[in-house]
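There are 2 protein chains.
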Amino acid sequence: MADPLRLGIAGLGTVGAGVVKIIRQKQALLEARTGREIVISAVSARSRAKDRGVNLSSYAWEDDPVALATRDDVDVFVELVGGEDGPAKDATEAAINAGKDVVTANKAMLAMHGQTLAEMAEAAGRVIRFEAAVAGGIPVIKALTEGLAGNEVTRVMGVMNGSCNYILTRMESAGLTYEEVFAEADGLGYLEADPQLDVGGIDAAHKLAILSSIAFGTQVDFAGIALEGIENVTIEDINHAADMGFKIKLLGSAQLGARGLEQSMAPCLVPATSPLGQLDGGTNMVVLEGDQVGQIVLRGAGAGEGPTASAVLSDIVDIARGTRLPTFGQPATQLQKAKSAKSATPAPYYLRMSLEDKPGALAKVATALGDAGVSIDRMRQYDHADAATAPVLIVTHTVSADALNAALQALPGTGVISDTPVALRIEKV
Amino acid sequence: MADPLRLGIAGLGTVGAGVVKIIRQKQALLEARTGREIVISAVSARSRAKDRGVNLSSYAWEDDPVALATRDDVDVFVELVGGEDGPAKDATEAAINAGKDVVTANKAMLAMHGQTLAEMAEAAGRVIRFEAAVAGGIPVIKALTEGLAGNEVTRVMGVMNGSCNYILTRMESAGLTYEEVFAEADGLGYLEADPQLDVGGIDAAHKLAILSSIAFGTQVDFAGIALEGIENVTIEDINHAADMGFKIKLLGSAQLGARGLEQSMAPCLVPATSPLGQLDGGTNMVVLEGDQVGQIVLRGAGAGEGPTASAVLSDIVDIARGTRLPTFGQPATQLQKAKSAKSATPAPYYLRMSLEDKPGALAKVATALGDAGVSIDRMRQYDHADAATAPVLIVTHTVSADALNAALQALPGTGVISDTPVALRIEKV
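Protein sequence lines, in the order shown, are assigned to chains V and F.
In this text, residue positions in the first sequence follow the working numbering: the first is 2, and each later residue adds one.
In this text, residue positions in the second sequence follow the working numbering: the first is 2, and each later residue adds one.
Keep in mind the hints are simulated off the structure, nothing from the lab.
Every residue, glycine too, gets a C-beta built ideally from N, C-alpha and C.
There could be a bad hint or two in this list.
Here are some chain F residues the structure puts well away from chain V; computed CB gaps all over 12 Å [claimed, not checked]:
1) Lys22
2) Ser48
3) Glu132
4) Ala310
5) Pro327
6) Pro332
Just a few of them, taken from the derived set where beta-carbon distance is under 8 Å, the chain V residues facing chain F [to be verified]:
7) Ala310
8) Ser315
9) Met380
10) Ala404
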């Protein structure tokens, strides 16, 4: 039997404690699956006194994650501290420099510093693994890096922030406003300490940036993502979209084509009957498209102790089994700098605006759209009831982003629109 | 750069030719992803003359797959011949004995001889990889063996024969009988040369046996699968099930519990709105459940040149990258003999029978069911119209298989049933 694999685990929150529990409870199973004993040498967290529901007394304690990462009795540094900079990054770098492999769940660190860390690790002959960084328990990093390795990946999409999906589906099912559900989710502890990471789409965009790099052999480019959160999604748009057979999702999409690399994370409409449309609550879904394999859809829990710890364990097991690959599937020094596409791929859009009760108002809107090159697939005008304006919904045919923007700029000039029109992309997945 | 990885490919049907095409077209990409050149040294097939749409002139030709498998210039034997015995098995064994790794898409061979082959390969320090054997392009072997390695797997389910799923969904959408759609599918080339492999559920059961072994650390046990094909599924049952909110699927299910290992491949009802219920046409879906990760659902093309070749390539890339694990995720000598559960886990069932037009007929049926311990959740009796009998549909509450069988045996004794009742298990996934 090979030597034991010795871990140093930094960060003992929900996920860290979950990892410790699995390693303690499944010792025999993990040994059968890896041919090695997996042991914890030392742990580190902010508070030593806190009860984490698991016995830590047999492990050495380090207050400083850098000290933990560089211990002689640690082969693999398991980074579950979080945060794009600070102790997580310091300790990761220290671990690599000390000749350790790294397992991390830190999507922010990888999205911002993935290229540097990958180059550093590969120069040192070490691996960085991060299955838990994207879509929790779904083995999507593995599916993309290894399972689809015979493909040119053509597109990656997904709903990868469970909190946002919870908020959007709860708004629809309960008929509540964004503000009401946000307060509810916050009270239930569903949101990050900085909720902007969730509802601003940043957390999901971190994940998308990582997937893009693996999919297209490009350097992680978080800044290149067209990013929009869910804060401006209204219950009215959710209800109108539902009327027309759609759901609104915070959808990430990345594709590499002649136009360059196009990455977006934004609220989109998807058909209500599609797999993405039926994804309720905190579940995640990732769609991978390859030139050989076609479309692969993966669905599962995107967060939580068990699912995230499961992903961390799969990385640990891989290292124990001797699996070693470059961080992003190709040597970091060979990854191309991403050239961001200047504009989005043509798509149909959902438009909503408030039309004033004037003769010929609708004709003016239709003319403005037509003049900009935007053709209408479906339109609905609702009752004016008592109000002076009526909501008008339009589903366009596939149009270029340029044409759409021209139309949006022309609409106020019609003099019959009383608000800023809402425009949401429709993805037909 | 490491030495090239040299392949010998036996079997140049759709999948074999697809593998050759990818290796020719994606040389640079595969080299970037593996750090090695992947080259084909030699190929083998039944007919050398046949045009396969790909240039084979630069590869050595062997008429005999055994000769191919043992060539000095072959590192990995790629077995795409098929068939549980004969040349595929002979050549696989020869390859292992000659110190080659093996990549195969052969579910039949693994389901029948997987344990022997795994023991042989592991004793020789070689690997057998078979991502393409189960669910085509979906990386489910990888997800289960590696992605869920930190879990005790609690259940594996799936729709894993696209031809059967095509037939069942086409029957429903076109209102055609089984015989009509079977003839249509056969004409379109959707069925195996021996269609019983498809419609008898054998092909899907081979796949389930492989997944069970990995999931539960048990020796492959094809004989232990309760197997029933789709030949007796009628359009009436499909329509009645739809009326009650269900779809009929050829569903595989395996779980290991106190009762033993329970494996079944049989037509079942699933909720029409569930992911499995919405799986139309030739697509496959596998559901993996683990104690940590919860439920993971994987969906994609289960057959075809591109998807299957994609899976074969992922195995080749893994070997090129140096990834090496035991065939079924644990050393074959440690796999337990499966103890088959004596009876199925309790479940709700769908029952259909033809009731004669006699006073008190329905009461007699209800009494017979109640006496056997089967309680009724929902029941529908249809018009007698002109006929002397009327269809009656019953959805039971969760009942034991013993109670269900007792009820099925008691029903003829009521004297009011004019046919043999149909009973289909309902899976609430």
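Do the hints match the structure? See the list:
With 12 Å as the threshold on Cβ separation, the claim that F:Lys22 sits away from chain V is violated: the shortest Cβ distance comes to roughly 9 Å. For F:Ser48, the requirement that its beta carbon stay farther than 12 Å from each beta carbon of chain V is met, with the minimum near 25 Å. The non-interface label for F:Glu132 is inconsistent with chain V: the shortest C-beta to C-beta separation is roughly 7 Å, within 12 Å. A beta-carbon of chain V comes within 12 Å of the beta-carbon of F:Ala310; the shortest separation is about 6 Å.
Look at F:Pro327: its CB is around 8 Å from the nearest CB on chain V, not clear of 12 Å, so calling it non-interface is violated. Chain V draws F:Pro332 into its interface by the beta-carbon criterion, the shortest separation being 7 Å against a cut-off of 12 Å. Restraint check, V:Ala310 versus chain F: the minimum CB separation of about 6 Å is within 8 Å; hint holds. With its C-beta approaching chain F no nearer than about 5 Å, V:Ser315 sits inside the 8 Å limit, and its interface hint holds.
Hint status for V:Met380: violated, given a least beta-carbon distance of 29 Å to chain F, over 8 Å. For the restraint placing V:Ala404 at the interface with chain F, the shortest Cβ-Cβ distance is roughly 34 Å, beyond the 8 Å limit, so the hint is violated.
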